[in-house]
Every structure is written in structure tokens, then in C-alpha cells.
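Now for the letters of each chain:
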Amino acid sequence: MSAEHAVEHVGAGEDLALVDLLDRLIDGGVVLTGDIILSVADVDLVYLGLRLVLAPAREVSESIRLGQKSPQEK
Amino acid sequence: MIRLYAVVPAGWQAPTDHASIARLSLVRGDEVAVLYDEPGNDPGTGRDDLVAYGQVLTDLAATGPILPIRYGTAVGTLEDLRQTLEQRAPAWRARLAAVADHAEMIVHVLDGRARPGPETPSSSGRDYLMSKVNAHRSGRALYDDLAAAVAPYVSELRRLGNDAELRVACLVPRRDLDPFRAAVERWSASREDRRTRVTGPWPPFSFTEEGDAA
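Protein chains in written order, with my numbering: chain C, -4 to 69; chain G, 14 to 227.
Hint data in this document are derived by calculation from the structure and do not stem from the laboratory. Bear in mind that the values here come from a model prediction, so they are computed numbers and not experimental data. Note that the Cβ used here is the ideal one computed from N, Cα and C, for glycine as well. Treat the hints with care, since some could be wrong.
Unchecked claim - Have a look at the derived ranges for each label pair, beta carbon to beta carbon: (1) G:Arg95 / C:Asp10: 33 to 43 Å; (2) C:Gly8 / G:Ser137: 43 to 53 Å; (3) C:Asp10 / G:Ala202: 20 to 30 Å.
Work the whole structure out from these sequences, hints included.
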């Protein structure tokens, strides 16, 4: 195998893996919906190559959100 | 506000050597339990907050099977949490069994050209649509090829994202992490047009629900 086709292994604690961690935190995991569930982080995620820019999260309104679409889905 | 972190087995015990875990609280049901904290009025929604939350989940995953909860999920009262736990307990118990002794690895398959060529402008709408169809088929073929190569070492697969880049989440038994990496290397060696990156091991973010592979 030539060097340029070697697989790049990146441990979970390395900076290059940060994109995957942040992506999975907001797009993976158990999803709970319902009128007793509050969503406190509605984070817009913008990928710029491997750089990650988080837009400021919207604040949670007082009312409980039921299946409200994220800005990306609207 | 009660911020939720992860679902764990009902008999879960906090380790004594992890300060990040020791500060969490637990609601225990008959079958499963949920870890949470109470961050007050400002739970934090910046990048550092997500990273810190992710680090707690990574530390938790080292203590045994967990189902990470999507960042930013909260309930108003402990009674709300108990109600949710009771409703979801059977499904969560089943998924905890499925992910026990496994870790998530994410494979990125990138365009291997040093400088990808410019896209040729489509001469017609049909050409544009056909180029999209071909890209989808190419991505699907690549996914199927990779899936076959790692099949002996993977319990479940999920395709992540869109067609622009192939990203595949793999649920890998912890005892097979090294053979899995070796299988990806063998597969990558045969694909001179692609570069491959593997990240992990992660908690099973992509495998908290039963589903079909993409």
C-alpha cells in the first residue's frame, strides 16, 4: 500500500475527530419528543471543509416545543 | 431544567475515579436508568459546551453500555423523566443489549484526487439529473463495497450524511476493533481514487435505535 493510500486513523480525542463528535452529538443519540421534552439547544452547524463553525444557538422559548423543525429543515 | 445525558442499565454504578461522571444524578427504573444534571438557567450551547458534554459521554461509555441522548434534550421535572423512562424502558433495554461491548467507528471515504477537477457545466437539465443519479449510484456502490469488506467485524452499519462524501458509522465489537481497522486498510489499498479516514472509538451515537443500514 502506498503512503498516500494509507488509512488515516484518528482517535476520538484528537482535534481532527472533533467534527465527527460534534456532528454525532447533535445529529445522533436518543431522540425524545413530546410535550414534556424541552429542547434547549437548537444548534446550526455549518461545515467549512474540516473546520466547524457553530452559529449561536437560539434560546429556548418558555413554551414547550412539540416536534418543531430546525431551521435547516424549514 | 433537567439535562439528560445517557441511558444506562438499571444496575449501573458510578465509578469512583471519574469526576465528570460522579457529579451526575441518576433516575433508576426497573429495567434502565437515565443520567442527568441540572445546569440551571444557562446550560451552555457553545462549542466548548458540546465538547464537554461529549467528553462525559465518552467517559461513560468506558464504564459499560450506554445510549447517548441527543445534545440539548431536557425535561422540566423528575416526574417527567420517570414518565419518559417508563415509556421507553423496553426499547432502551433492548438497544443497550445490542450495543453492549461495542464501539462506534466512523469511516470517511474522501475523493483521493489531489485537486478535484472542476465540474463540467451540464448542457441540459437531463444531463444534470443524470449526473446526480450517477453520483448516487457511485456512492451506493462504494458503500456496498465497503460494507462487504468490513462485514465480518461489524454488527450494524449506518450511512451518515449525503452523497457528497461517504461517511459510514460502524458498530464494532470492542474485541474486533483492530481487525476492523485492518479490514478498512485492505479495502482502502484497493481504492487508489479515494482517501480513507477512520475516527473513533465513539459511544454508539448512531445506534441508539433499531434500524436498517442505509
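Now the hints, each set against the structure:
{"no.": "1", "hint": "G:Arg95 / C:Asp10: 33 to 43 Å", "in the structure": "39 Å, holds"}
{"no.": "2", "hint": "C:Gly8 / G:Ser137: 43 to 53 Å", "in the structure": "49 Å, holds"}
{"no.": "3", "hint": "C:Asp10 / G:Ala202: 20 to 30 Å", "in the structure": "26 Å, holds"}
When held up to the earlier numbered hints, the structure conflicts with none and fits them all.
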